[in-house]
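These protein sequences, in sequence, are chains A and H.
Just so you know, the numbering used here puts 75 at position 75 of the first sequence, and the rest follows in order with no gaps.
Counting the second sequence from 1 gives a position; the numbering used here is that position plus 1000.
In case anyone wonders, no lab produced these hints; they're calculated from the structure.
The list that follows gives simulated cross-link-like pairs (lysine-lysine, DSSO-like), each with its CA atoms no further than 30 Å apart:
1) A:57 to H:1001
2) H:1103 to H:1001
3) H:1103 to A:55
4) H:1001 to A:53
5) A:70 to A:55
6) H:1068 to A:57
7) A:18 to A:71
8) H:1054 to A:3
9) H:1055 to A:3
10) H:1001 to A:71
11) A:57 to A:13
12) H:1103 to A:13
13) A:57 to H:1103
14) A:18 to A:55
15) A:70 to A:53
16) H:1054 to H:1001
17) H:1001 to A:55
18) A:3 to H:1053
19) A:13 to A:71
20) A:18 to A:53
21) A:57 to A:71
22) H:1103 to A:3
Only a predicted model underlies this, so the values are computations on that prediction, with no experimental measurement involved.
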Amino acid sequence: DVKVTQSSRYLVKRTGEKVFLECVQDMDHENMFWYRQDPGLGLRLIYFSYDVKMKEKGDIPEGYSVSREKKERFSLILESASTNQTSMYLCASSLNGYTFGSGTRLTVV
Amino acid sequence: KNEVEQSPQNLTAQEGEFITINCSYSVGISALHWLQQHPGGGIVSLFMLSSGKKKHGRLIATINIQEKHSSLHITASHPRDSAVYICAVRNGGSGNTPLVFGKGTRLSVIA
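Let the hints inform the model, and build the full structure from the sequences given.
Structure follows, in structure tokens:
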């Protein structure tokens, strides 16, 4: 089975900190995605990547950046964390179907 | 951009009941996904459909392309089916096209 691993299940960070969320997949998928999930809003796309060093903005990229230096790893970066970035963050990879990671619940205090 | 609407938002059922969750979308798609999310956050893909009907155990998913509508059915529901069920659509033909998600249906099955 394809596995998508997110490095942390729970994370607490201070306002202004730089935060790295890591996602690794083991099936050589080209496509990887970062979403955030908030009550009443569903999943919203932050960034996605369809190849190494390639990235595309999603619907809500402001305040975030990404890095894809290797095919298996897609990192989401919060340049200066703010309280409105408190959320559940989900990574996914795709060939035709999608596989999701377990999510990282980030709290910014 | 595609708009994906799910109904109902919340659903409570007695164990054994037949359950239907509906999904409609506004623009033609290449594929529709049904996903399940248990408390704690992880999302599992249940079905990917582009036409017709798929069945896996007690779960059945159907799609009507002309009507732009899909349904997820659960037969003989059980408390372990309690989860959020999410419909998502893909507009493009390849895996690099992001999904557009509905807001989910929260299902509680009571013993």
